[in-house]
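Enquirer: Top to bottom, those sequences are chains S and Z.
For the first sequence, this note's numbering assigns the number 1 to the initial residue and increments by one for each residue that follows.
For the second sequence, this note's numbering assigns the number 425 to the initial residue and increments by one for each residue that follows.
Simulated from the structure, these hints should not be mistaken for laboratory data.
Some hints here could point you the wrong way.
[Stated by the list, open to error] Keeping only pairs whose Cα atoms sit at most 20 Å apart, straight-line, the calculated EDC-like set for lysine to aspartate or glutamate is:
#, chain 1, residue 1, chain 2, residue 2
1, S, K219, Z, D641
2, S, K424, Z, D646
3, S, K219, Z, E498
4, Z, K643, S, E74
5, Z, K848, S, E228
6, S, K424, Z, D641
7, Z, K848, S, D217
8, Z, K643, S, E419
This is what each chain is made of:
Number of protein chains: 2
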Amino acid sequence: MSYNANDPRLTSWVEVPSDSDFSIQNIPFGICKMNDGFHVSSAIGNQVIILSALAENGYLKEVEGLDDSTLKNEFLNDFISLGKSVTSKVRETLSKLLSVGSSLEQDAATRKAAFVNMESVEMTMPVRVGDYTDFYSSRDHATNVGKMFRDPENALLPNWLHIPVGYHGRASSIVVSGTPLHRPMGQQMPAGADAPVYGACKLLDFELEMGFVVGKDTKLGDRISVHEAEDYIFGLVLFNDWSARDIQKWEYVPLGPFLGKNFGSSISPWIVTLEALEPFKTTSPAQDAPRPLPYLQFEGDKNYDIDLEVDIVPPSGESKTVCRSNFKFMYWNMCQQLAHHTVNGCDVNVGDICASGTISGPERGSFGSMLEISWRGTMPVDMPDGSVRKFIQDGDRVVMRGFGTKDGVRVGFGKVDTEILPVK
Amino acid sequence: MSYNANDPRLTSWVEVPSDSDFSIQNIPFGICKMNDGFHVSSAIGNQVIILSALAENGYLKEVEGLDDSTLKNEFLNDFISLGKSVTSKVRETLSKLLSVGSSLEQDAATRKAAFVNMESVEMTMPVRVGDYTDFYSSRDHATNVGKMFRDPENALLPNWLHIPVGYHGRASSIVVSGTPLHRPMGQQMPAGADAPVYGACKLLDFELEMGFVVGKDTKLGDRISVHEAEDYIFGLVLFNDWSARDIQKWEYVPLGPFLGKNFGSSISPWIVTLEALEPFKTTSPAQDAPRPLPYLQFEGDKNYDIDLEVDIVPPSGESKTVCRSNFKFMYWNMCQQLAHHTVNGCDVNVGDICASGTISGPERGSFGSMLEISWRGTMPVDMPDGSVRKFIQDGDRVVMRGFGTKDGVRVGFGKVDTEILPVK
Numbered sequence: 001m002s003y004n005a006n007d008p009r010l011t012s013w014v015e016v017p018s019d020s021d022f023s024i025q026n027i028p029f030g031i032c033k034m035n036d037g038f039h040v041s042s043a044i045g046n047q048v049i050i051l052s053a054l055a056e057n058g059y060l061k062e063v064e065g066l067d068d069s070t071l072k073n074e075f076l077n078d079f080i081s082l083g084k085s086v087t088s089k090v091r092e093t094l095s096k097l098l099s100v101g102s103s104l105e106q107d108a109a110t111r112k113a114a115f116v117n118m119e120s121v122e123m124t125m126p127v128r129v130g131d132y133t134d135f136y137s138s139r140d141h142a143t144n145v146g147k148m149f150r151d152p153e154n155a156l157l158p159n160w161l162h163i164p165v166g167y168h169g170r171a172s173s174i175v176v177s178g179t180p181l182h183r184p185m186g187q188q189m190p191a192g193a194d195a196p197v198y199g200a201c202k203l204l205d206f207e208l209e210m211g212f213v214v215g216k217d218t219k220l221g222d223r224i225s226v227h228e229a230e231d232y233i234f235g236l237v238l239f240n241d242w243s244a245r246d247i248q249k250w251e252y253v254p255l256g257p258f259l260g261k262n263f264g265s266s267i268s269p270w271i272v273t274l275e276a277l278e279p280f281k282t283t284s285p286a287q288d289a290p291r292p293l294p295y296l297q298f299e300g301d302k303n304y305d306i307d308l309e310v311d312i313v314p315p316s317g318e319s320k321t322v323c324r325s326n327f328k329f330m331y332w333n334m335c336q337q338l339a340h341h342t343v344n345g346c347d348v349n350v351g352d353i354c355a356s357g358t359i360s361g362p363e364r365g366s367f368g369s370m371l372e373i374s375w376r377g378t379m380p381v382d383m384p385d386g387s388v389r390k391f392i393q394d395g396d397r398v399v400m401r402g403f404g405t406k407d408g409v410r411v412g413f414g415k416v417d418t419e420i421l422p423v424k
Numbered sequence: 425m426s427y428n429a430n431d432p433r434l435t436s437w438v439e440v441p442s443d444s445d446f447s448i449q450n451i452p453f454g455i456c457k458m459n460d461g462f463h464v465s466s467a468i469g470n471q472v473i474i475l476s477a478l479a480e481n482g483y484l485k486e487v488e489g490l491d492d493s494t495l496k497n498e499f500l501n502d503f504i505s506l507g508k509s510v511t512s513k514v515r516e517t518l519s520k521l522l523s524v525g526s527s528l529e530q531d532a533a534t535r536k537a538a539f540v541n542m543e544s545v546e547m548t549m550p551v552r553v554g555d556y557t558d559f560y561s562s563r564d565h566a567t568n569v570g571k572m573f574r575d576p577e578n579a580l581l582p583n584w585l586h587i588p589v590g591y592h593g594r595a596s597s598i599v600v601s602g603t604p605l606h607r608p609m610g611q612q613m614p615a616g617a618d619a620p621v622y623g624a625c626k627l628l629d630f631e632l633e634m635g636f637v638v639g640k641d642t643k644l645g646d647r648i649s650v651h652e653a654e655d656y657i658f659g660l661v662l663f664n665d666w667s668a669r670d671i672q673k674w675e676y677v678p679l680g681p682f683l684g685k686n687f688g689s690s691i692s693p694w695i696v697t698l699e700a701l702e703p704f705k706t707t708s709p710a711q712d713a714p715r716p717l718p719y720l721q722f723e724g725d726k727n728y729d730i731d732l733e734v735d736i737v738p739p740s741g742e743s744k745t746v747c748r749s750n751f752k753f754m755y756w757n758m759c760q761q762l763a764h765h766t767v768n769g770c771d772v773n774v775g776d777i778c779a780s781g782t783i784s785g786p787e788r789g790s791f792g793s794m795l796e797i798s799w800r801g802t803m804p805v806d807m808p809d810g811s812v813r814k815f816i817q818d819g820d821r822v823v824m825r826g827f828g829t830k831d832g833v834r835v836g837f838g839k840v841d842t843e844i845l846p847v848k
């Protein structure tokens, strides 16, 4: 029987706090920046693991293709491009090395070279993002937006239950957790005005999303079926799709969001592999009224039970959790998104990111944006420090977290944590 | 007085046919693929010039920074990143070398190494495109579309005269002239049907556009003013924004075009620099009703008088010119587009492409898409071989050309020539 890196019985000789996202069953991948440059790395507990240091001491020799140019690299793209046969083998090898009783446990010199405290390193963008696509796949979110801005009786547009609606976003402005963003300037049309004004965004919002990272290239003209799609997904990150609601509202008809979104999107530094998320697979919402076209029909569990939460941390430091949602609420799953994305022959490439769209659940406490939480500002949120929030203010940090728990094992994403600075 | 590479009196010792786009006043840049790899190149008449061969023979030594890794490169990004002080100097140096009486004229060995017949080399993608943005800046095009799909009395949407409306496109599927594209499959909602169908696009269309290539990076959070914008534009290409009208119509509400566009966009291989286009500057349409916000106001001539035409070449070979338009018809100019794009702090990077949107003029013969030319298929085009076209058929080639003429000098883009293959 083959080795199972997800086995809940595995324990590590590295101390893993019970609330850590980085159990031995996780083994995510990211890029950390050290004095000597960028390194492909993994994590366990509060330790970052430098893969090149393991390789230099002979611990990864059973995996082919891991040369210095791959492991000492500014991005994971080359590593991911080795294919799942290699990256899964790396995850499995790391799992064995981290397990109680491994040879590495006794090798103090290599441990010193390869392990760094997470607090003391800088995590950077995990991938060079070629193209970024944002979907709109939470039914509750689309319904809430439709109720607010269109017809409450017909909140979903006619295409929504037939198509995993998506649009292209800006790849260049995706930044890693910890990178502050300035409140954007832009055009807005104030209510009742007859001409637009130029000024700072007044309705700055987050959107709680997850993004998947493409793990395998296609050629222009080729299609990925729903059944093949998981082979093309390397793993997932937390994704905050920052939105300037007032800029977006004025600009987005008829060609979609542009400056209301492209001033910045934030992702978590660790990519959790699809393999590590396998135990958290769960059923999807029924798609029977209407049933989608055959190219979007799937079998088996394609959703994931991943708890998600959003905190607002104001300058006072007294934070508040404003949203508790779950990735399982997605109506359209990632396999359907990828099959749809490529059904016309559009090519995808390693490092591309496809985000889910705002992940709202059915109840107010599970809504994934301030637009919905404050219902367009009509229901402000009381903060512990006595202030109120309709949208995000300068100096606020927005912190998103996500993790699955099953059989006593926790597998999570860490956080995406972004401070909003005043207009530059 | 400094050297003027645009001087109409300059003549070359290379033969330049009178209808050639590549006069000595042009000197565009592109990438050609030879047996030994990719090369930064220029063109004159029907000759491609391999820059590394000139450099190896000492002809570019007055220009700093032109090492082998820049000149033997799959893309122009590194070359463009040297900055206009360098790339303009290269253009000027090439102009001198190509002028009658230069030392190169007498150097048969270098000429043999550096000059290749245009017909015998493969031109490849000139830049690695990081992000691609498509604008919607022709008033006549936006008005035509508004008349057809919305209200003929209020064809322009309320934001159109205030904002250079744009949206993000797919960078990965931009291909160079000569790369055939397959007709896309996808979802469509037939008129009168109550459920969508899956099938081949029936309304495949071109859009006549020009694209500018970004020549200088900005940092996230920075803005480019209208006045600085030309410093950030390296040059222009012809751009065919292929569109599947039936797929687009069903999918695009509310977040914009996605699969209706991202199966492919085609560009010309030669980037004509902004410097070479300087003589073709012309006035812009009046923007006084309404006057745009101050950040979009500009001075001087910002439009370009560049004749554009589109031929359909059916399998019979009996082609027809279906559109004669001009880049000067743009309501929003490139400087306004770039100022708007970055006003919220969105970063741009060398190699990004911003396309104009369909460039339609005021009369039927100048409309830049079959949607407009055939007025949604109600006015089919008669082809010389007896066939008719409402949209593009399998086996058709669409060929776009563009050039300016002034004082007896012609500066042009060559062509973007794309064959449509059947569904794959």
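Enquirer: Look at each hint and say if it fits the structure.
Expert: Evaluation of the provided hints:
Restraint check: the Cα-Cα separation between K219 of chain S and D641 of chain Z comes to about 29 Å, which exceeds 20 Å; the hinted pair is violated. As the CA atoms of K424 of chain S and D646 of chain Z are separated by approximately 8 Å, the hinted pair is consistent with the 20 Å bound. Between the alpha carbons of K219 of chain S and E498 of chain Z the distance comes to roughly 18 Å, so the proposed pair stays at or under 20 Å and holds. Between K643 of chain Z and E74 of chain S the alpha-carbon distance is near 18 Å, which keeps this suggested pair within the 20 Å criterion.
Among the hinted pairs, K848 of chain Z with E228 of chain S is consistent with the structure: their alpha-carbon atoms are about 18 Å apart, no more than 20 Å. About 18 Å separates the Cα atoms of K424 of chain S and D641 of chain Z, which keeps this hinted pair within 20 Å; it holds. Straight-line distance between C-alpha atoms of K848 of chain Z and D217 of chain S comes to about 18 Å, which keeps the hinted pair within the 20 Å bound. A hinted pair counts as satisfied when its Cα atoms are at most 20 Å apart, and K643 of chain Z with E419 of chain S qualifies at roughly 17 Å.
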